[in-house]
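In case you want the letters, here they are:
There are 2 protein chains.
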Amino acid sequence: MDRPFDIITIGHAIVDVLAPSSDDLPGAYGMEKGTMTLIDEERATELYQVLGPAIESSGGSAANTAAGIAALGGSVGFIGKVRDDKLGEVFTHDIRASGVAFDVPAATSGPGTGLCLIMVSPDAQRTMATYLGAGAFLYPDDIDANLCIEAKIVYIEGYMCGLHETEWSVSKAAAACHLKGGRFALSLSDPYWVDLKAASLGALLDNVDILFGNEEEVTAMTGSELDLAMSELAHRCELVVVTRGAKGSLVVANNQVIEVPAHPVDTVVDTTGAGDLFAAGFLYGLTHDYEPADCAELGSLAAAEVIGHLGARPQTSLSKLAAEAGLLR
Amino acid sequence: MDRPFDIITIGHAIVDVLAPSSDDLPGAYGMEKGTMTLIDEERATELYQVLGPAIESSGGSAANTAAGIAALGGSVGFIGKVRDDKLGEVFTHDIRASGVAFDVPAATSGPGTGLCLIMVSPDAQRTMATYLGAGAFLYPDDIDANLCIEAKIVYIEGYMCGLHETEWSVSKAAAACHLKGGRFALSLSDPYWVDLKAASLGALLDNVDILFGNEEEVTAMTGSELDLAMSELAHRCELVVVTRGAKGSLVVANNQVIEVPAHPVDTVVDTTGAGDLFAAGFLYGLTHDYEPADCAELGSLAAAEVIGHLGARPQTSLSKLAAEAGLLR
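Sequence order for the protein chains is A and B.
Just add 332 to the spot in the first sequence (first one is 1) and you have my numbering.
Just add 332 to the spot in the second sequence (first one is 1) and you have my numbering.
Chain A extracted, bound-state conformation (with noise of 0.2 Å):
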């Protein structure tokens, strides 16, 4: 693959396991639907125990997303940290054949490679408790800062935001990718870690150029209602691309509010990845001079593949979908 990319992402490296789960269990042990939550590697033993028989797959949000660009055909490299064990061997080699550039050398000592339990409710909505490990050690020495300056568009998961390993590396990629004009996209990941991380996140909004986020993490980062907040994001944001589930999407550009409708889905199996492979085909879409509205759409196409199986990266050729639908250029 020819460096440059146009799009790095940058996040935790992460696989996740995937079972099906009652509606009370994520009550039952102190989550709440819908949200993640960090848990260390005792409580995630504890948490696997009842855990029903699962799947694994490869995850982690802006890995999801630099997965979802590759299968549009785009030209992407992902950032983050796993251990040389073997489910740092199933997320590197999962990458790689999606498409995408990783190459940060693994840990060879310390927590072993992150993963996440997901519990996937009988309604296809997902509860996440996240065991960070090796994840969790990002070291601005792991950022390539000729990827970033090179780079059209940063992509960070607010997962990132908030955590004293990672904080300067953070920084580095920001800095890094406005060298040369680049702009800096950032995903607010999840409401539960808005309201945990509000301060670091909302220091680090005025270098973002993108912001990504969905109705309930708008709200939570802003504490106004949707159009405020939107209103109020659009005034340190150049893009600000809310998404709402089945009610599609608005994105915020130059003082206009643009709504995009959902692409139609037959049945909803898990709602994991949908908003990363939304980030996919928007940040795609902008790498390729579309319009706002036309990024939203390619979003949507994206996002509707995923939530259609079990897993948070796509199982079909993405840019095969958008040719079919004549989104593609």
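It is worth saying that the hints were derived from the structure and are not from the lab.
Some clues are possibly wrong.
The calculated DSS-like cross-link candidates involving lysine-lysine, where the alpha carbons are at most 30 Å apart (straight line), are [stated by the list, open to error]: (1) B/579 to B/529; (2) A/418 to B/418; (3) A/418 to B/365; (4) A/484 to A/529; (5) A/365 to B/652; (6) B/579 to B/365; (7) A/529 to A/504; (8) B/365 to A/652; (9) B/365 to B/529; (10) B/484 to B/504; (11) B/418 to A/365; (12) A/484 to A/652; (13) B/529 to B/484.
Coverage of chain A stretches by chain B, computed from C-beta distances (three or more under 8 Å per stretch; other residues unrestricted) [as the list claims (entries may be wrong)]: (14) 408–420; (15) 643–653.
Every beta carbon over 10 Å from chain A, so not counted as near; a handful from chain B, in silico [stated by the list, open to error]: (16) 355; (17) 360; (18) 372; (19) 442; (20) 478; (21) 495; (22) 511; (23) 538; (24) 551; (25) 566; (26) 567; (27) 590; (28) 661.
Beta carbons: idealized from backbone N, C-alpha and C, even for Gly.
Fit chain B to the supplied structure of chain A, relying on the hints for placement.
Then chain B, alone, in the frame of chain A:
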């Protein structure tokens, strides 16, 4: 779970690595589409490199059958061998979480837990490259004779036959289950395997009460056309069950051939596990005094569920599906 169990299944403990693949990939690596090839660890590493992004899911033919029986509400235990490593933990978690009793101690030395690289081609056919690892070392001491003596049915996958290390384990299980009038069931597993291990499988047949195979397997086993093959096998086994994909199944019992149509399926995603789940439904029916035709119908229902998604174990409650279809008593 109360001992004893209605059904004991015996087979290789395997974690599946499922990856969508082109039609050409199996051929390029010397494998025939739709069959299983045994590979060593080095070859597994080489093949994994060229596979696309994958998902990992517990598998193994007889283990899938056990998971299917449990998903129907049946009483079942599994006998097979893992190593005390990460994949072994995954296998153990998944089979227990699906409601199957499993307590063969993990090997603490020797090869790692077995895995099966499964290439799923666009027509939903699967080609399997299996590294048996620890699974191949199931010694007679690992077979709990009491479980086999007390079971109504002991079911074994053909893949256990013809391996030096497991030959005596198979004999021990067959002898034990006949002690108190239990029935011994065998799945032929794979036409490639039947060709390779015809002598061992043939020698076992006189101890087999219930035989499962698809069209290719039963004709490979006998060297005869389907009609004659069924008749020959029915001379040696009380029940002969032949699966035929979309064409349904044939059951030979009491000198009668019964034809049962396949259960309708919306979209076939991945045929991995279809035969295993058919056997699950059939065996559940037998241990609940169903007529052979009703056993086959339940088998078809279970097979239909598993081919509708990636992975060889049920992802929904089979007992609920069966109740809705009026097939549970």
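Checklist line | List of violated hint numbers, smallest to largest | finding: none
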